[in-house]
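Residue numbers (numbering that gives the first Met the number 0), protein chains in the order written: chain R, 0 to 223; chain S, 0 to 462.
Calculated from the structure, these hints are not laboratory results.
Glycine included, C-beta positions come from ideal geometry on N, C-alpha and C.
One should not assume that every hint holds.
As the list claims (entries may be wrong) - Cross-link-like lysine-lysine pairs, in silico, DSS-like; alpha carbons within 27 Å at most:
no., chain 1, residue 1, chain 2, residue 2
1, S, Lys168, R, Lys142
2, S, Lys46, S, Lys432
3, S, Lys168, R, Lys191
Claimed, not checked - Pairwise CB distance ranges, derived in the manner of DEER restraints:
no., chain 1, residue 1, chain 2, residue 2, range
4, S, Gly454, R, Thr190, 39 to 45 Å
5, S, Gly394, R, Glu21, 56 to 62 Å
6, S, Glu88, R, Gly173, 48 to 54 Å
7, R, Lys74, S, Ala437, 38 to 44 Å
8, R, Tyr4, S, Glu70, 50 to 56 Å
9, S, Arg121, R, Asn204, 40 to 46 Å
10, S, Lys39, R, Arg28, 55 to 61 Å
11, S, Ala437, R, Thr190, 26 to 32 Å
12, S, Glu431, R, Glu192, 54 to 60 Å
13, S, Arg121, R, Gly173, 55 to 61 Å
14, R, Thr2, S, Ser77, 31 to 37 Å
15, S, Ile250, R, Ile24, 57 to 63 Å
16, S, Met453, R, Gly173, 36 to 42 Å
Next come the chains, spelled out residue by residue.
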Amino acid sequence: MTTLYDMQNEFVTMLLEESNTEVMIAWTREVLKKGTTPLDFFDEVFTPGMAEIGNKFSRLDIFLPELMDAAEKAKAISDQVLAPLLVENTASNGLNRGKVIIASVKGDLHDIGKNMVSLMLQVNGFEVIDMGVNVPPRDIIDKAREQEVDIVGLSSLMTTSMPYMKEVVELREGFGLKNKFSIIVGGAPITKEYSDAIGADAFGNDAIEAVQKCLLLLDRPVVS
Amino acid sequence: MKHRSRLVEVLHRAETGPIMEEADFERKLVAPTLKNLLKKYDIKYNKSVFVPSDDDLTDRVFQAGLDLAVEVGMFCQSTSRRIVWTRSELEEGLRFCPQEVTLGAGNDAVVARTRRPDDDRRVIVAGGAYGTPVPEYMYIPMSLSYLKEPVIELIDNPSLETVYGYPIKAGSPWEVLSARREAELAIQAANIAGRPGISLGCVELSPTALGGLAGASWGGYRPTDWHHAPILSELKTNYDMLSIVTHVTRIGGVLEAYYNPIYGGFVGGAEGVAVAIAGGLILLNQTHMGDTLNTRPNHPFYNCDTTPELIWAISLGIQALSRNTNLILDTLVGPAGGPGTKTMLYENASFVIATTVSGQSIMTSCHSASGGATPRHASGLDSKICGEVTHAVRGMSRGQANELVKQIVPLYINELDKKPIGKPFNEVYDIEKIEPSAEWQGMYDEVRNDLIKMGLPLDRLKY
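This is chain R alone, in the form it adopts within the complex (with noise of 0.2 Å):
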């Protein structure tokens, strides 16, 4: 009989191997066809593989590439089969643990390492809404605003970029936000210091610590 565990390895193995998402999403019908809740499927598959594949990617066993493939297809199986049902059974806890909008702040225009940031909390079940790079301070909070974010995430890998965070910090105390949503900051010359003066509301040293901060944020158990 096969266990949730031996259903979990499968799908970390199919997410990595398996090219068409079709065969995927017909596989997960097929599993819930066959008697596992949806509920089970997302608490005892779903969530821990995706884990799994962020830790492949921690460990650099996995790349980029795989690691965003892995998202997508996790990201249809999650919109075309698990959302739906889960909605019907009011006992999920939902599939969305809060919303992001993610940016690489003006005068930076480097993404990789905002795009990491983006695909973990993704494959951590949060929805991003990725503003690209370069952004102006002022386009976040219009954003954050129009979108009713959770969190918004931002990133300089420039120390020419980061008087630019600050201005995001206080345009969100102008304009009366401050508890509308939460600010992470990030990036190589980003501190945990740097991010207390500038009055952000957590600091991620990268993509791993970037989601159990969110989580936090969110006051969420941090996925391990």
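Assemble the complex: chain R is given as a structure, and chain S must be docked to it using the hints.
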């Protein structure tokens, strides 16, 4: 600058090349093309080797790099177009690249020349804090800690944390002001050291074209300095960087172009990094038209380029180009360790051994303490070790170098994930006398002696 006669053609192609989304360029073009090329040329990472000496593998990496350059080109973010070249255009660009370049002026001038693997010709040593942010009061003392080391022949300075006490904002008048201030301080430091003509890497503070152009205008950095025009990972340029290329071309300046692939990113693992270096530097020669071409790949979690995989990849990528072209190549060491740690000294030594025997013309150092990301964590001794090792390994074979690196890597490998950033400059140097502390100097001497015992002739008197 005969090789920069295609400047107008580069700018034209940035506006007429195939249109593409930036995200698709990396994910749907760079990543799969690289994957296919690794398979086509049978290029695989060998964990047991640090410095490869398989010439057939090296030549396959070169061919794969050339294929990558032809098939992918470079992406221009400002126009959402690829700047593409035919194979024969790229080959002609390589055929007419500079084979030697003079950096600096007067008695301080040095000449960098093309090299081959296992070459015994002299390598130029560049040293400095490479953009590590420092407070204004620390700028000159830190720069002097490098300038006072005679083994360092080119300087690449720190950047400023603030200008006249105010934060520096990219793309604003603050960037212009800080670039001007940086040039003023860098030239002042060179004058104080008695090396007024030494070539200075510049402009550190130029996140956009504003700093690059302002710092290299009248009264600022000079044409004989070493003007930097990077591309972004992976294989992306933009109008800011092309504006710097254009400006430096028109002032007759010496241009250093660089590309830093990300290990574990769109280029994949070690073998992907090696091919990306080969292809990326061929494209840099063609599009940014650097006199010198640099690479400094990065580990995404340790922020360094001294892991075994990256040492293998950089050595192989550089060999591919030095065996098959006349490009003037240089690599920048970015250790995880920082000043006041033996970890950094060992990381630097193994990196320099591997890259020098691979055929680089200039050894550049260093991005201390988490790859240059830790403010104030840099010091003259960080580069001095690189300079000494560079000269000691001239003429050494790749096989011998491999054996040495094999001995050194275990001395630091387990420290890389512990963020061994060491101490800030003012805790490892007397910032008035510009002398290393007894503790830091003692550590340096111990490591130097260890390396001599391993067979590295650092005590040889004649360089």
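Where does the structure disagree with the numbered hints, that is, which hint numbers, in rising order? Checked against the structure, the hints that fail are numbers 2, 7, 8, 10, 12, 14 and 16, while the rest are satisfied.
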